[in-house]
Amino acid sequence: GAVVSQHPSWVICKSGTSVKIECRSLDFQATTMFWYRQFPKQSLMLMATSNEGSKATYEQGVEKDKFLINHASLTLSTLTVTSAHPEDSSFYICSASRTGGSSYEQYFGPGTRLTVT
Amino acid sequence: QKEVEQNSGPLSVPEGAIASLNCTYSDRGSQSFFWYRQYSGKSPELIMSIYSNGDKEDGRFTAQLNKASQYVSLLIRDSQPSDSATYLCAPRSTGFQKLVFGTGTRLLVSP
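Line order of the protein sequences matches chains A and B. Its first residue numbered 19, the first sequence is counted upward by one per residue in this note's numbering. Its first residue numbered 47, the second sequence is counted upward by one per residue in this note's numbering.
Careful, some of the hints might be misleading.
To be verified - Quick partial rundown of chain A residues pointing at chain B, CB under 10 Å, derived from the structure:
{"hint": "1", "residue": "T50"}
{"hint": "2", "residue": "S91"}
{"hint": "3", "residue": "T93"}
{"hint": "4", "residue": "P128"}
To be verified - Only pairs whose alpha carbons sit at most 25 Å apart, straight line, appear in this in silico BS3-like list of lysine-lysine:
{"hint": "5", "chain 1": "B", "residue 1": "K88", "chain 2": "A", "residue 2": "K73"}
{"hint": "6", "chain 1": "B", "residue 1": "K113", "chain 2": "A", "residue 2": "K59"}
{"hint": "7", "chain 1": "B", "residue 1": "K113", "chain 2": "B", "residue 2": "K102"}
{"hint": "8", "chain 1": "A", "residue 1": "K38", "chain 2": "B", "residue 2": "K88"}
{"hint": "9", "chain 1": "B", "residue 1": "K144", "chain 2": "A", "residue 2": "K84"}
{"hint": "10", "chain 1": "B", "residue 1": "K102", "chain 2": "A", "residue 2": "K59"}
{"hint": "11", "chain 1": "A", "residue 1": "K73", "chain 2": "A", "residue 2": "K32"}
{"hint": "12", "chain 1": "B", "residue 1": "K144", "chain 2": "A", "residue 2": "K38"}
{"hint": "13", "chain 1": "A", "residue 1": "K82", "chain 2": "B", "residue 2": "K144"}
{"hint": "14", "chain 1": "A", "residue 1": "K59", "chain 2": "B", "residue 2": "K48"}
Unchecked claim - Label pairs and their in silico Cβ distance ranges:
{"hint": "15", "chain 1": "B", "residue 1": "N53", "chain 2": "A", "residue 2": "G19", "range": "31 to 37 Å"}
{"hint": "16", "chain 1": "B", "residue 1": "D104", "chain 2": "A", "residue 2": "G79", "range": "16 to 22 Å"}
{"hint": "17", "chain 1": "A", "residue 1": "D83", "chain 2": "B", "residue 2": "K88", "range": "29 to 35 Å"}
{"hint": "18", "chain 1": "A", "residue 1": "T100", "chain 2": "B", "residue 2": "E91", "range": "16 to 22 Å"}
{"hint": "19", "chain 1": "B", "residue 1": "F142", "chain 2": "A", "residue 2": "G19", "range": "23 to 29 Å"}
{"hint": "20", "chain 1": "B", "residue 1": "N53", "chain 2": "A", "residue 2": "W28", "range": "19 to 25 Å"}
{"hint": "21", "chain 1": "B", "residue 1": "F142", "chain 2": "A", "residue 2": "E105", "range": "26 to 32 Å"}
Treat the hints as calculated values from the structure; they're not laboratory data. Note that CB positions come from ideal geometry on N, CA and C, so glycine has one too.
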């Protein structure tokens with residue numbers, strides 16, 4: 019149990035375009051999902067916490083208008099990178115916590131590698 | 047002071063040895079602690095969680111927690127080359143659902 023998927027696994031887009039990344043919990047319901055970004059040889063950086071049916075909470079320094087997060091159901095959250103630029107090229111990873119759980123364990127998706135040309 | 051401190055390594059151990067990974071954290075209110083393994087180019091994988099002081103064993107892995115010292119560790123017995131990865135320590139931030147990740151310790155297990 020506790021499988022999280024992401025789609026696409028990799029994407030190349032041109033500068034100025036938008037890219038949507040999907041995160042799904044396949045075998046459990048997730049009230050809360052998290053979006054991270056990781057640059058090569060660096061640690062995970064939390065971008066935002068997404069709660070089903072409410073607005074996401076963004077970490078300091080993360081532009082909410084650039085990184086749009088929607089958590090419309092208990093199994094799906096999406097991250098849209100708007101007007102992408104080469105500096106947005108990174109490894110984007112989502113994670114999910116079980117609804118009703120008290121352990122706060124996060125299960126990670128396989129990640130999406132974004133390259134902006 | 048960083049919220050979560052880990053020795054970046056690499057920590058090199060021979061196959062079959064015990065690998066000891068350490069982590070200190072600054073948030074005294076943290077109650078939940080997690081260890082993740084991340085292979086190069088992959089996403090993190092949860093390997094252990096611990097909530098109470100003392101030891102928790104799961105197969106070859108033992109997590110140790112000392113809240114008074116704000117210290118958590120992970121022991122890997124009978125280390126295998128397949129254990130070579132970066133290990134991330136992640137306490138849960140008090141009052142929040144989010145985890146605070148350390149920069150990780152890179153472990154190299156040589157055959």
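Do the hints match the structure? See the list:
{"no.": "1", "hint": "T50", "result": "holds (5 Å)"}
{"no.": "2", "hint": "S91", "result": "violated (18 Å)"}
{"no.": "3", "hint": "T93", "result": "violated (17 Å)"}
{"no.": "4", "hint": "P128", "result": "holds (5 Å)"}
{"no.": "5", "hint": "B:K88 <-> A:K73", "result": "violated (28 Å)"}
{"no.": "6", "hint": "B:K113 <-> A:K59", "result": "violated (30 Å)"}
{"no.": "7", "hint": "B:K113 <-> B:K102", "result": "holds (14 Å)"}
{"no.": "8", "hint": "A:K38 <-> B:K88", "result": "holds (20 Å)"}
{"no.": "9", "hint": "B:K144 <-> A:K84", "result": "holds (21 Å)"}
{"no.": "10", "hint": "B:K102 <-> A:K59", "result": "violated (30 Å)"}
{"no.": "11", "hint": "A:K73 <-> A:K32", "result": "violated (28 Å)"}
{"no.": "12", "hint": "B:K144 <-> A:K38", "result": "holds (23 Å)"}
{"no.": "13", "hint": "A:K82 <-> B:K144", "result": "holds (18 Å)"}
{"no.": "14", "hint": "A:K59 <-> B:K48", "result": "holds (18 Å)"}
{"no.": "15", "hint": "B:N53 <-> A:G19: 31 to 37 Å", "result": "holds (33 Å)"}
{"no.": "16", "hint": "B:D104 <-> A:G79: 16 to 22 Å", "result": "violated (36 Å)"}
{"no.": "17", "hint": "A:D83 <-> B:K88: 29 to 35 Å", "result": "holds (30 Å)"}
{"no.": "18", "hint": "A:T100 <-> B:E91: 16 to 22 Å", "result": "violated (30 Å)"}
{"no.": "19", "hint": "B:F142 <-> A:G19: 23 to 29 Å", "result": "holds (25 Å)"}
{"no.": "20", "hint": "B:N53 <-> A:W28: 19 to 25 Å", "result": "violated (32 Å)"}
{"no.": "21", "hint": "B:F142 <-> A:E105: 26 to 32 Å", "result": "holds (28 Å)"}
In summary, the structure is inconsistent with hints 2, 3, 5, 6, 10, 11, 16, 18, 20 from the numbered list given earlier, while agreeing with the others.
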